[in-house]
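Number of protein chains: 2
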Amino acid sequence: MTNKELAVVYCEGFFGEMDGKTANGLARHSDKYEITGIIDSTKASLDAGEVLDNKANGITIYKNIQESLERKGDSVKAFIYGMAPLSGAFSTKDRDVMYYAMENNLDIINGLHDFLTDDEAFIQKAAECNVQLYDIRKQQKNKQRQVFTGDITKVQCPKIAILGTDSAVGKRTSSVLLTQALQELGLNTVMIATGQTGVIQGAEFGVPLDALKEQFISGEMEKAIVEAWEAKNPDVIIIEGQGSLSHPAYLSSCFIIRGGQPEAIIIQHPPGRENLGDYPDIKMPLLEDEIELIEVFSKSPVIGIAINHENMSDSMVDETIEAYMDHFERPATDVLKYGCDSLIEGILATFPQLQAKLA
Amino acid sequence: MTNKELAVVYCEGFFGEMDGKTANGLARHSDKYEITGIIDSTKASLDAGEVLDNKANGITIYKNIQESLERKGDSVKAFIYGMAPLSGAFSTKDRDVMYYAMENNLDIINGLHDFLTDDEAFIQKAAECNVQLYDIRKQQKNKQRQVFTGDITKVQCPKIAILGTDSAVGKRTSSVLLTQALQELGLNTVMIATGQTGVIQGAEFGVPLDALKEQFISGEMEKAIVEAWEAKNPDVIIIEGQGSLSHPAYLSSCFIIRGGQPEAIIIQHPPGRENLGDYPDIKMPLLEDEIELIEVFSKSPVIGIAINHENMSDSMVDETIEAYMDHFERPATDVLKYGCDSLIEGILATFPQLQAKLA
Chain A
1 MTNKELAVVY
11 CEGFFGEMDG
21 KTANGLARHS
31 DKYEITGIID
41 STKASLDAGE
51 VLDNKANGIT
61 IYKNIQESLE
71 RKGDSVKAFI
81 YGMAPLSGAF
91 STKDRDVMYY
101 AMENNLDIIN
111 GLHDFLTDDE
121 AFIQKAAECN
131 VQLYDIRKQQ
141 KNKQRQVFTG
151 DITKVQCPKI
161 AILGTDSAVG
171 KRTSSVLLTQ
181 ALQELGLNTV
191 MIATGQTGVI
201 QGAEFGVPLD
211 ALKEQFISGE
221 MEKAIVEAWE
231 AKNPDVIIIE
241 GQGSLSHPAY
251 LSSCFIIRGG
261 QPEAIIIQHP
271 PGRENLGDYP
281 DIKMPLLEDE
291 IELIEVFSKS
301 PVIGIAINHE
311 NMSDSMVDET
321 IEAYMDHFER
331 PATDVLKYGC
341 DSLIEGILAT
351 FPQLQAKLA
Chain B
1 MTNKELAVVY
11 CEGFFGEMDG
21 KTANGLARHS
31 DKYEITGIID
41 STKASLDAGE
51 VLDNKANGIT
61 IYKNIQESLE
71 RKGDSVKAFI
81 YGMAPLSGAF
91 STKDRDVMYY
101 AMENNLDIIN
111 GLHDFLTDDE
121 AFIQKAAECN
131 VQLYDIRKQQ
141 KNKQRQVFTG
151 DITKVQCPKI
161 AILGTDSAVG
171 KRTSSVLLTQ
181 ALQELGLNTV
191 MIATGQTGVI
201 QGAEFGVPLD
211 ALKEQFISGE
221 MEKAIVEAWE
231 AKNPDVIIIE
241 GQGSLSHPAY
251 LSSCFIIRGG
261 QPEAIIIQHP
271 PGRENLGDYP
281 DIKMPLLEDE
291 IELIEVFSKS
301 PVIGIAINHE
311 NMSDSMVDET
321 IEAYMDHFER
331 PATDVLKYGC
341 DSLIEGILAT
351 FPQLQAKLA
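So the sequences go chain by chain: A and B.
So that you can map any letter, position 4 of the first sequence is 4 in my numbering, and since no number is skipped, the others follow by simple counting.
So that you can map any letter, position 116 of the second sequence is 116 in my numbering, and since no number is skipped, the others follow by simple counting.
Please note: incorrect hints may appear among the correct ones.
Since the list can't tell identical chains apart, any single copy or any two copies may satisfy a pair.
[Unchecked claim] Cross-link-like lysine-lysine pairs, in silico, PhoX-like; alpha carbons within 20 angstroms at most:
(1) LYS337 with LYS357
(2) LYS154 with LYS283
(3) LYS337 with LYS213
(4) LYS337 with LYS63
(5) LYS138 with LYS213
(6) LYS283 with LYS63
(7) LYS283 with LYS299
These are calculated hints, taken from the structure and not from any lab test.
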């Protein structure tokens, strides 16, 4: 039925929460792996789709790695570390679980800044078990990295970035859904991934920007887009954003704008979140301030608003969408609930050349 | 007369120009090294101060390394690579010159992204010659690097960043001169270096930001400032800027603002420059646009304008200063020509607590 490699995703204690964003993303969408189970004892035996979106997707949550492998037999080939803690490092318990995975012939896919392939004990264990270690964020040598060249001006199709007001607000999910919706509409659409989750999900173009040295981030962003343009000749390019321009630490979106030069931006915002996810002492920015900041920084318009409905009732979501459309005079929606139609209306109105391709 | 280590600075073909910025900075100011000569055959036998600022400073430019060492005997202990080409890599000729320096018992100080201590041949040669190799931009391991914590709010004194409209416009020079001028006025002033040149010049606090991975830049900026605050209890902190917020590639100033949270900004601008120094196909930003961008991005005011007088006659400089003061209604000056008085007036007007310390 599929050529995807079977994988379990480890997300102990965090599935469905902010620090579980890699696992959440993979449970929703993966081109490269077929996810056979999630490991999180605090939500054992629930359905992953139910936990995330109140919609079952057939992926079971298991109480531990043993159970996740018993149910699926020998066909599982990969263990994906699905958490993204601020520290970027493994706990002792994490290491024990990964050892067990290697002993059961699973390759390990790691998106943290803590690298398995820098760890002698891990390297030796992987060799004994005859499995591979993949550090998604590990940099290649400097010489293979590229500085900004200006080649981005060669790209002739509209580029739309999905930026946000914080990290872990759903920018990647909206990027994936919007890319699919534009494709279904008949537009040749390419998504550029900019974080480790997008890369693990199997995005054909992109790079985890936050693992790069500053001097190369803008250039590598540009290069990923130019490569996508040359390889696929797309009608439109969707660029996944990271963090926010106002964030105290997660500023990759500055490079996404400068290296990628999007002609339009869609902003993702969780109205029910009061403080920054990773910095509970810092208030969330106001949506109007972030829109102004994006438009001044990029000199491109914000053409739509995507709401993240965390901590919101259904009626609050609907009221907020209406209030935003009134106040900001732009399309607003909740893409998980209502799909991408109103965002696409905004895109077609902004880029008549795309409308023309559909006619 | 001095405890500084004697050093020659290598800047073949680029002294006084943009790609010679490390050498230019060291010829103007160095706390750690006493510069005995500059090596640049295209300007041999000229005085370095004359070339830079039309004001002799007693540092001779030599036609090659041999001549620079003959004149100064055995007392020279360090060879500083003083160029900063966009590629960040050494030429074959550079390598020959550095071999000669090592054979003459000089340690090598390197600020490029191309690391001597990653090169087997260099390591072996340095061992044979019993000299040290210093890679200023080389990262320590991840674990020693810090993410943003929010501790910046503990710093109780004003923090002023010197940002710019391009790279190599004189932000570091203005930072050094302003720090000295504030100290002479009687204010305990600490400068935070953010590039390799400032670190080589001997700044006690700071880090070359563009050598860090994105995830740690904001945190390391914050940490350098918090350390300076705790160690020196300064009245005011001056933060050297990098690149510009509008630059397509050099965006460290985004992290300087977010990690360092300056309460005020001074902007450095070269009115006579038409295109970006490293990107001749891209126009310089308008000064008014950059001021707006800085104020929206930082939510702090731009309280002064420092002019870089490249490509400008004396009368043009004076006319521009007057025009800027009229138009922008803020202090404007050329610090190399007229010193820092008018910038300091702006600082004292913005921060009455500093004025009070002088009373």
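Evaluated hints:
1. Within a single copy, LYS337 and LYS357 get their C-alpha atoms no closer than 28 angstroms, and across copies no closer than 59 angstroms, so neither meets the 20 angstroms cut-off.
2. Only between protomers do LYS154 and LYS283 lie at most 20 angstroms apart by alpha-carbon distance; the minimum there is 17 angstroms, versus 40 angstroms within a single protomer.
3. In this assembly of identical chains, the alpha carbons of LYS337 and LYS213 never lie at most 20 angstroms apart, being 38 angstroms within a copy and 36 angstroms across copies at closest.
4. For the identical chains of this complex, LYS337 and LYS63 are neighbours neither inside a copy (29 angstroms) nor across copies (71 angstroms), given an alpha-carbon limit of 20 angstroms.
5. When the C-alpha separation of LYS138 and LYS213 is checked against a cutoff of 20 angstroms, the pair qualifies both within a copy, at 11 angstroms, and between copies, at 11 angstroms.
6. In this homomeric assembly, LYS283 and LYS63 never come within 20 angstroms of each other (Cα to Cα): the closest approach is 35 angstroms inside a single copy and 58 angstroms across copies.
7. When the C-alpha separation of LYS283 and LYS299 is checked against a cutoff of 20 angstroms, the pair qualifies only between copies, where the shortest distance is 15 angstroms, while the shortest distance within a copy is 26 angstroms.
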